[in-house]
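Student: Turn these sequences into a full structure, and let the hints guide you.
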Amino acid sequence: MSIENISKQLPFIIPEITLVFGAMVAVLIGAFAGKKSYRAVNYFAILVLLAAGFASVKHSIETPTLLFNGSLVIDNFGSFAKFIISAVSAGALLLSIDYLEDRNIQKPEYPVLTLLAVVGMFVMVSAHDLLAIYMGVELQSLALYVLAAYARDSQKSSEAGLKYFVLGALSSGILLYGASLIYGFTGTINFQKIASLSANANVGVIFGMVFVMSGIAFKMSAAPFHMWTPDVYEGSPTPSTAFFATAPKMAATILLARFCFEAFGPAIAKWQQIVSIMAILSMFIGAFFALQQTNIKRLLAYSSIANMGYALVAIAAGPVFGPSALLMFVSIYALSGVGMFAVVLSLRSEDGRKIESIPSLAGISRKHPMIAIAFTMFLFSVMGIPPLAGFWGKFEVIKSVWNGSHLYLAIALILASVVSAFYYLRIIKTVWFDEPKMEFAGGLAATSISVKGTAILFALLMPFIGLLYTATLVAGNMFK
Amino acid sequence: MFGLPMLSTILWLPTIGAILILLISGLNKDAQKAAASARIIALITTFVTFLISVKLVMDFDHTSAAMQFKESIPWYGNINYALGVDGISVLFVLLTTFLMPLCVIASWKSVEKRVVEYFVAFLVLETVMLGVFSATDMVFFYVLFEAGLIPMYLIIGIWGGKNRFYAAYKFFLYTLLGSLFMLIAVAYMVLKAGTSDILALQAFHFTKDAQIYLWLAFFASFAVKMPMWPVHTWLPDAHVEAPTAGSVILAGILLKMGGYGFIRFSLPMFPLASLHFQPLIFTMSVIAVIYTSLVAFRQTDIKKLIAYSSVAHMGFVTLGIFAFNGAGLQGAMFQMLSHGFIASALFLCVGVIYDRMHTREIASYGGLVNRMPIYAAVFMLFTLGNVGLPGTSGFVGEVLTMQGTFLQSRIFAIFAASGVILSAAYMLTLYRKTVFGPLVNPKLADIQDMDLREFLVFLPLIIGTVLLGFKPQLILDFTNVSVMHLVDNLQTMMK
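Same order as they appear, the protein sequences are chains A and B. Quick note: the first sequence uses my numbering, first residue 1, plus one each step. Quick note: the second sequence uses my numbering, first residue 1001, plus one each step.
The set of hints was computed from the structure by calculation and includes no laboratory data. Ideal Cβ positions, reconstructed from N, Cα and C, are used throughout, including at glycine. One or more hints might be untrue.
Computed, partial: chain A to chain B, Cβ under 10 Å [stated by the list, open to error]: (1) GLU4; (2) ILE6; (3) PHE380; (4) PRO386; (5) LEU425; (6) ILE427; (7) TRP432.
Tutor: Right, dumping it as structure tokens:
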């Protein structure tokens, strides 16, 4: 279904409009009231995010609706992703409030940039032509570059921002080059029209497809385009990392799925092998490189690379079986990612230093049992141990692969899972088994209630997340 | 039971106890008092759970092979929270609830650090184990089967011995790899059959090729759990490092999940593949019986010796299961339950002297009979039970499984029988070295005999072992109808 009348189109993009207006209002408040409005702007932005999230799932749409000459598509698949994206972004923003104040870099720009990045992600998940892809990706990325370099006084943060920017710009260029190739060879930027031509696409179109996929893969940090991830994760302020690791990942995977399923649906044989190779590489690089890490943020960076590999497995399963498994897996990944970073943020030594190395977590179970239990639940969940949420995500992915009959991907997935289980277990060992180190004995202070609360709230979600299944099933049926 | 579904009550009562312990310790600032209340709550909940499961067994109709006490609630997609017991599972439920209070009493004094967390982990583990034996939905079964890794990892890792990290990792990663292969098979079966109900899946016919791959995937998981040679190497490490009660749970219940899995899944769901792989299983079992017995003979650590003897005894179980006849299966069931008593008691025996001397080296003991006559008598009984002396429960299981094996293959039965002799050799040597002889080690000079609390732990096990030795019908009557039903189905499916 496609709507021509512009005034009838607007109601479909209420979530995006909410976010943009929210960002503008937040800028104004920040500009006039200055630093002291920091908290108010943050709370306002969180409310805007939640409102946009609820607005996007308020109506379930039976048939996908094309807007603005087919450049955006509104369907349940995207709406569900938008809901999760706004929920995790709100969570990540909540985590940032105290952290930035502690480091004395609290400015109202932070929530504004977050809102703008989320607008970009909304455009990404709804993109239905090549221009919309580029617009969404760039809007999101530009905001994220600034968030990475947000701690201006810190060398590492500036370095992270610069690295992210240079490599991100390169990948955007690749994406744009791919888009121009596709346009040059097919004469259209619209997904539907590309799809009708892609069944017997010539080599130029395929090249374009590969370039666009590489650009998106960079944004979702799938191997072999993952190099920037550990450095940026480590250098950025931790709340920014929490944000990078969750919402943009979800947006990028959904975008890749849409690009493969909708623009190149008939050319499935062409992209399926590329996605499979990226999936296997990401799973194993993520699993093996994480073994050597002692910094939690770097470790979580590799863990997110591995998880993107699992998500790619669901995409490789094809448009019929993949989407619902993908939504389920990525939503669970994003939700538990925010929770895991909340745990990391909730700990610091009493003299205010942040805790980033794994050995310094030794024995936190003595002093902060609730935090330790929450952390343990997240770790067992990403490991994929039932009855926690991560298990259901992996179970759905394995099921989707069986349907698409790519058994080798399922076997690669479980082998990578066992390797990753080792380093997650090592963290659990540090938290529970090791004796507290002298310098930290009693020196670990939990921070504010809001951060601790976020950690525990998301941990409590873990056993009940099977409920998502029905929603993802409905939302994932779009491509059948 | 007061309008509550009985199986769910049994299943969740321990978890409720765990939550209660957490709440009380949260309110109670005094660590000593919190620990004391944790012990008492754990004892009460496990004991009440045991009483309810006794009622369950008494209400159980053992003339029917059907699932009884069925419950089913839609849970997730087409997966149900479905419970039920038949003749095969009901006694495992009873065994679990029977051993748990004993574990609580056995850890009463020996666990001193983090008492609250210890009992919480144990009670959660009880729920998980009971769920494994009473689930009638395959995915629900899988969830619990793997969820047991979490509390067990923590129990070994926090309260274990010196080398506990290594043992905990090894236990976790070994079993995880095995179960993940099973997960792939589970996903396939759910998709193919469109249901995850175990009874429906048992009636579903997979093609022979599919059966072979599925059988192998399930085998990867159950063989590790069981454990069968050559994937048994995690067990001695885990046993040695685990605290006494942890070893009891491992040997008494967790190992039985593998055998239970074979009987519940591999045999009825993939009968053709089971027949196809019978020689493989027989070979592996016989190697397990002979090889691990020889290995046990060379051990210097008491717990390691008993752990290897467990592997050998599990070899009889797999022989019996894959004999596909009534005697073999009945024997396997009996052997698993009897091993639940005897191996648990042996680990408790080690615990008694370990609590006093803090060493498990055989060489540092000797002449215990002089100072500990009651202990020597109790240890003697279970040593003989482990050897399979007539009059103890160990005898019945071994005879039945060997009878079943003999009907299938004489040569394997003969090899397996030699394992009985070997088990007498290593068990009696162990007994002689630790209990008899002069008191050489000066540290043993003022060792005390068992006190009343310790004796009370052993009393039910002694009664059980002897009673089942003289009256095996107590168990066989329960399992008979279900086992025969299974055998009949197998015979018809194999034709």
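Student: Tell me, which hint numbers fail for this structure?
Tutor: The structure breaks hints 1, 2 and 6; every other hint is satisfied.
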